[in-house]
Every structure is written in C-alpha cells, then in structure tokens.
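**Q** For the sequence shown, counting from 1, position 111 maps to 111 in full-length UniProt numbering; every step adds exactly one.
Where hints are given, some of them may not hold.
16 Å max Cα-Cα, derived EDC-like pairs, lysine to aspartate or glutamate [as the list claims (entries may be wrong)]:
#1 Lys409 / Glu233
#2 Lys217 / Glu192
#3 Lys297 / Glu255
#4 Lys409 / Asp393
#5 Lys270 / Asp326
#6 Lys303 / Glu89
#7 Lys297 / Asp326
#8 Lys65 / Asp40
What follows is a list of derived Cβ distance ranges for each label pair [stated by the list, open to error]:
#9 Leu109 / Asn130: 48 to 58 Å
#10 Lys410 / Leu103: 44 to 54 Å
#11 His314 / Pro132: 28 to 38 Å
#12 Lys410 / Arg252: 48 to 58 Å
These are calculated hints, taken from the structure and not from any lab test.
Glycine residues also receive a C-beta, built at the ideal position from the N, C-alpha and C atoms.
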Amino acid sequence: MASARVFVAVFVLLMLGGRTGSVHDGPLLLLVSFDGFRYDYLDRSPDRVQLPNFKYLVQTGVRAKWVHNSFITKTFPNHFTIATGMFEENHGIVANTMYDPELREMFHLNTTDPKWWDVGGQPIWITNQNHPGGKSGVLNWPGMEVKFNNTLPFRHLPIYNKTMPYHERIDTVIGWFKDSESPINMGVLYFEEPDHTGHLSGPESKEMDETLDMVDKTVGYLIDGLKAAGLFERVNLIITSDHGMTEVSQDRVIELDRYLDPSTYLWVDKTPVTAIWPHDEVTREHIYTALHNAHPKMHVYYKEDIPAQYHYRHNRRIMPVIAVADPGWTIAQNHTSSREWNLYKGNHGYNNSYLPMNPLFVAHGPAFRTNLLSEPFNNVDIYPLMCHILGLDPHQNNGSFDNVAHLVKKPTSWGPPPSTPEIIGVAIGLLLVLGGCIIGCGIYMQRLERSESIKQAHYTNLGKAHSEEDGDLADKEPLLEAEGDV
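Let's have the full structure, built from the sequences with the hints guiding it.
**A** And the structure:
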C-alpha cells in the first residue's frame, strides 16, 4: 500500500507539473498587418517583382481573393475593425481625425484616452487575455497603448515607434512567444509599408515594386525566425491589411472654398471623405445646400442619408454632413491646402466598393487548410475567425465565423483547445479513476496476502501435527507448501 501511495503522489505531481509553464501549448496566433497592401499586389508580373515568400505562404496556406474592408477605408478605423470585428459606427473610431460633440474634443492619431476607444468594441488582444491563461503581445498596432476595462496587453511597446526596424519588430514578437517564464499565445504586429510608398510614389510605380520586394523579404525573415524558434508549424499566421491604394493627381482636386465660406464650418476629417461640422450659428442645411451638386466628382450626404451598406450612420462622431470624392479625386479646402495633397501620388479612404481599396488576406498554420483560394469576405469576420482559432468566446461583434469557416480544417482534424476548466476536470477525473483502481488493487492484494497467510499457517500447522504422530508424514511438508504457492 505504501508503494501505491507513492505512485499516486508521483502521478499527481506529473499531472500538475505537466501543466506548469504550458498554458499556451494550444494554438498560437500571430496577426500581421502591412498597411496599404492592396489585394492584387500579389499578382504583379514576375518581371516587376517576385514575392517568393508570400507565394510560399499562399501555396501552403489560404488566400482570399480580397477582403471587403469597412467604410471609410482609412488606417485607424479599419485596423480597429480588424481587431474588434465591429463596423466603424459601432466601435467608435470613425476616422483618423474625429470630433466628439459630447466631449467637445478632437481625436488625433496619438490619442490614447480610453474614452475614445473603449466605447463598445473589444480588441482581440483583450478578448484573449480575458480567457484563462491568455497573454497577448501587441507591437505598433493602433490602440496598442490604450487601456480597455483598465487592461493593457501583457506585452506591448510603451508608445508607437515608427523608427523601430522591421527585423527588430519580428525578433521582439518571436521573443515574446518564446519567453521562458510568461510566453504569449497571441501576437499582433504592424508595419507601415507599403502604405508610405503608395502615397509618395503611387501604387503602380517602380518604387512600389521595390517596396513590395522589401516587404516580401520581411515576410521571409519572419518565416525564418519562426522556423528557427520551432514555431512555424505551431503558429497560425494571418497577414492582412487595412486598405488598398489608388492613383491621384494634381489636376483632380476639388476646392471647398469655391462653394463654401471656410468660417462657417470645422473641417474635421480631410480627403477623400470630408467630415464637416457646422459652426454654431450655421445650419447643416446651409452646408449641404452649398455643396450638394457643387462638383460632379463629389457626393454630399446628410448623416442619416449615408447609404446603409456603409454602416456609417449611427455614431455621434460621424459629422452631420460628409462629402465623398470619387476615386482618384482629392477634396481640399483651397489651393494652398491642396499643395499638401499635390505631394501625393496615391491615396485611399474611398468607397469600399471600389476594388483597389480592398486589401489582401493570407494565412498559414495548423488551423488553416492548404492551397486554398477563397472568395472574398468582410474584414469584420477576421475577429470571430481569430476567436475560433484560439478557442475564445467572442465579444459582441458584427462578423460571422460562418463566413470564414471554410478557411480552417474540419474539427475532426483540428479544433480549438480545451479550456482550462475542461483540462482540470479531465485531470481530476483521471486521478479519481486511477486512484480508485489503485485502491481496489491494494485491497485485492491485501486480501490475497491475508488468504496466503491463512493457508500458510494452516499447512504449516497441519505438517507439524502429523510429524508428531507419524514421522513419515513430516517428509511431505515441503510438498504441501509447494502446492500452496500454485
């Protein structure tokens, strides 16, 4: 029985020790965004750019033809849509620059006050950390340094660092995954290119081809780093973007001063979706009347008349009047302000139904199928996809896993990991069953030993009695003992 107790103790220690430091033995996820990566950059002629690392991921993973991003097709709104699975009108980051009439304050790209961000949407890194054992690492993604329900990512940079070299970003995130004491199970990583080159040189430029080659080499560095760390076959890698890019030119500029006195409004967000807040003494009707039909390449809406499919009506940060430029056109306040935009040869923000605004989606890993080209889906669907991979209960969102379920392997070959309570329950159940078996075996062995002792005593006494009466019978004692061993 003592040996049985030792065995049980060792088993318990092994069970508990096997879980220590291995809370992330289940699926791992790395979400990567290359800002402004248009969906069809992957299809450029090999004479222009090769992109072997992207093509390797496509051949061994999944690719969507494109992703329907959200209106407006700007950086902060769409990155937060990817992270939360919510349309812009619901998560509240409706533009890169916003005015909140209730707060009476402006939002800019460096604003981190939770009162702007934590208004309904929950980014995936917080959803992950709300799950037992979940630890997230976020590097340069919009919202990284914001507290949601007073919670920050487990690992993150203190502030956005645009100058951090791309290879250093990758090394940092891989290091978070490999941390010996507190490894993350989810990483979120952001890169500024090819958006920057798209603005300065245009999406069809030679400079863009060179930047795409650099981005592909960055992906290759990421793949090599994951392989060297023993993570490539374990990490579910999603590479996507916020928007695409289209060409603009100096001769396609709409100047608002030609139609509207600049003293009558606040120009909140700029081209190509211009958000207008009328000054107190000016009615929105005055603004609308002045701009409506003012230019054939500019479409003006009252807030409540914005097309329903844009999901861009129901938020106080959406201005009473918005003006939307046709693709390739720029809305400027006047000739002086238009000089800023004349420096650009590419832009985004246009209607998300315009295909060049749509970004890429490529994924690889144990959860994903291989060599699959998917029909397009919405970027709000990426959040429930990530929750499925990590085995999380999604926060409220506008996406649907059903729209992306075809990307992942069937549950018979892969499924979300069991939750911590499930693991504990199974372990306790196994311990109880094993303990019962050991106790039962112990009782059986004890009874067996007692039975043998009784037989031994009986045969020994029997042999001694006969030996006292008849010496010949004493010679048979060893035989009787031998029979008792059978």
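**Q** Hint by hint, note whether the structure agrees.
**A** Each hint tested on the structure:
1. Of the supplied pair hints, the one linking Lys409 and Glu233 holds, its CA atoms being roughly 15 Å apart against a limit of 16 Å.
2. The suggested pairing of Lys217 with Glu192 holds, with an alpha-carbon distance near 15 Å, which does not exceed 16 Å.
3. With a CA separation close to 12 Å, the supplied pair Lys297 and Glu255 stays within the 16 Å bound.
4. Note on Lys409 and Asp393: the hinted pairing is violated, with a Cα-Cα distance of about 19 Å set against a maximum of 16 Å.
5. Distance hint between Lys270 and Asp326 is fulfilled; the C-alpha atoms sit about 14 Å from each other, no more than 16 Å.
6. In summary, the hint linking Lys303 to Glu89 is supported, as the alpha carbons are separated by about 12 Å, within the 16 Å threshold.
7. For the hint linking Lys297 to Asp326, the alpha-carbon distance of about 5 Å falls within 16 Å, and the restraint holds.
8. As the CA atoms of Lys65 and Asp40 are separated by approximately 8 Å, the hinted pair is consistent with the 16 Å bound.
9. For the hinted restraint 48 to 58 Å between Leu109 and Asn130, the CB-CB distance of approximately 27 Å leaves it violated.
10. Roughly 48 Å separates the CB atoms of Lys410 and Leu103, a value that falls within the hinted 44 to 54 Å.
11. The hint said 28 to 38 Å for the Cβ distance between His314 and Pro132, and at roughly 35 Å that hint holds.
12. One distance hint, 48 to 58 Å for the beta-carbon pair Lys410 and Arg252, holds here, with the actual separation near 50 Å.
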